[in-house]
Structure formats: C-alpha cells, structure tokens
Amino acid sequence: MLLLFQVCFYTGVFYTVISFILGHLLDFAGVDGDVDVDVDVDMDIDIDGDIDVDGDLSGATVSPLKPITIAAFVTVFGGTGMILLKNGYSALISLVLSAAIGFMISYLLYRFIVVPLYRAQNTSAVSQAELIGGLAYAALPMKGGSFGKIHYSVGGNTYSAPAKSIDGAEVSKGVPVVIIDIKKNVFYVKEVKGGSM
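The opening residue of the sequence shown carries number 35 in this note's numbering; numbering runs sequentially from there.
Just so you know, these hints were derived from the structure itself, not from any lab.
These numbers come from a predicted model, not from an experiment.
Cβ atoms here follow ideal geometry from the backbone N, Cα and C, with glycine treated the same way.
There may be inaccurate statements among the hints.
[Stated by the list, open to error] Keeping only pairs whose Cα atoms sit at most 25 Å apart, straight-line, the calculated BS3-like set for lysine-lysine is:
1. K224 to K207
2. K217 to K177
3. K227 to K217
4. K217 to K207
5. K217 to K183
6. K218 to K207
7. K177 to K100
8. K177 to K120
9. K177 to K224
10. K227 to K207
11. K183 to K227
[As the list claims (entries may be wrong)] Label pairs and their in silico Cβ distance ranges:
12. F54 to A125: 47 to 53 Å
13. V51 to G168: 41 to 47 Å
14. L37 to S161: 42 to 48 Å
15. I214 to L59: 52 to 58 Å
16. L59 to M35: 35 to 41 Å
17. L59 to P150: 23 to 29 Å
18. A125 to V188: 53 to 59 Å
19. K218 to I147: 31 to 37 Å
20. L37 to I147: 26 to 32 Å
21. L38 to T192: 18 to 24 Å
22. K218 to A134: 45 to 51 Å
23. P150 to I127: 32 to 38 Å
Produce the complete structure using the sequences and hints provided.
Here you go:
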C-alpha cells in the first residue's frame, strides 16, 4: 500500500513541477498555444444549422475533471496516505482517509478556484452584436468569395476569426477592415480605404 501512495504522490508532484516549468518556458519563448498558419484555400463550406454563441454562459457548468483537480487529488491522496501509514494507521483506514481528504481538497480547489476563474472568463466575453462596426485587420487575404482570416481586439485581448469580403472585393493581408456582419460565426468585412492599423 505504501508503494501505491508513493507512486501517486511523486506522480502528482512531478506533473505539477513539469507543468509549471514548461508553462513558464513556453510563455518565455512566446508560445501560447495559438498557432497561425497562412493557407489560402479557395473553397466554400456551408454547414446547415445555426449555432448561438451569444447566450448567457453564467448558468453553464465546468467539469470538475480538470487536470488541476486530478493532479491535486492524486498528490494529496498519495501524500496523506504516506503520512497516515508512517504514523501507524492501518492500510484500510489510510486508504479511506486519504481518499476522503483528496476528494475534499480537489472539491475545494474546484469550487473556489476553477469555477470562479471560469465565470470570470465568461463574463469578459463580448457578444457578436457588439463587434459589428468594429475595426480589425486581415490576417489572411480574401479573394472573391474565399475565406480569409481577421484579427480584432476587444478589451486588450486579440482574437482571430474566419472572414469573407462582404462585396467579394479582394482584401490584402494586413489591411484594416471594418466588421459589417457576422453570420454562422463568419465575419463579413469591408476594407477601410486609406486607413492604417
């Protein structure tokens, strides 16, 4: 039983340390998980069915099975089990108590850290209707009816989205555009003549 607790504890600690180090190294290197690849594909894709993304997300729930809560459970379970066994508790009592304490710590982490962060992230989201009339710039060129890509900023954050020229005019990469309409999560834009970003 001691071996099980040791494996759980050291696995949780190792995962936490590696996640911390890699997170800081990748952040320092400027790798944020968003990979931009410039590809020009002349193809229209029409998917039937509307998706409403402007709904209220305050009632949405976040799954408790997040890597942070799992790592916390495994680490606390292993550490508590090792402590209980070293203090003379039986294997069964150590197993039950360490599982209960692991679940309790994971729940507290989920309830007071994960859920509030998720809610804060969703309250800062802006509705698509508020984006219409906003400025952006073309990250990928748009020719005729082909898809391109735009970058736009909201609240100090930069986002990207698939885009098409509203009138079919060619829009070069890097030029400023105004968002005219959004349909099925495709941004319809028009080039701002003489503008600069």
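How the hints compare with the structure:
{"no.": "1", "hint": "K224 to K207", "verdict": "holds (13 Å)"}
{"no.": "2", "hint": "K217 to K177", "verdict": "holds (18 Å)"}
{"no.": "3", "hint": "K227 to K217", "verdict": "holds (24 Å)"}
{"no.": "4", "hint": "K217 to K207", "verdict": "holds (22 Å)"}
{"no.": "5", "hint": "K217 to K183", "verdict": "holds (14 Å)"}
{"no.": "6", "hint": "K218 to K207", "verdict": "holds (23 Å)"}
{"no.": "7", "hint": "K177 to K100", "verdict": "violated (42 Å)"}
{"no.": "8", "hint": "K177 to K120", "verdict": "violated (70 Å)"}
{"no.": "9", "hint": "K177 to K224", "verdict": "holds (12 Å)"}
{"no.": "10", "hint": "K227 to K207", "verdict": "holds (14 Å)"}
{"no.": "11", "hint": "K183 to K227", "verdict": "holds (18 Å)"}
{"no.": "12", "hint": "F54 to A125: 47 to 53 Å", "verdict": "violated (32 Å)"}
{"no.": "13", "hint": "V51 to G168: 41 to 47 Å", "verdict": "holds (42 Å)"}
{"no.": "14", "hint": "L37 to S161: 42 to 48 Å", "verdict": "violated (53 Å)"}
{"no.": "15", "hint": "I214 to L59: 52 to 58 Å", "verdict": "violated (41 Å)"}
{"no.": "16", "hint": "L59 to M35: 35 to 41 Å", "verdict": "holds (36 Å)"}
{"no.": "17", "hint": "L59 to P150: 23 to 29 Å", "verdict": "holds (27 Å)"}
{"no.": "18", "hint": "A125 to V188: 53 to 59 Å", "verdict": "holds (55 Å)"}
{"no.": "19", "hint": "K218 to I147: 31 to 37 Å", "verdict": "holds (35 Å)"}
{"no.": "20", "hint": "L37 to I147: 26 to 32 Å", "verdict": "holds (31 Å)"}
{"no.": "21", "hint": "L38 to T192: 18 to 24 Å", "verdict": "violated (46 Å)"}
{"no.": "22", "hint": "K218 to A134: 45 to 51 Å", "verdict": "holds (48 Å)"}
{"no.": "23", "hint": "P150 to I127: 32 to 38 Å", "verdict": "holds (34 Å)"}
Comparing the model with each earlier hint shows violations of hints 7, 8, 12, 14, 15, 21; every other hint is respected.
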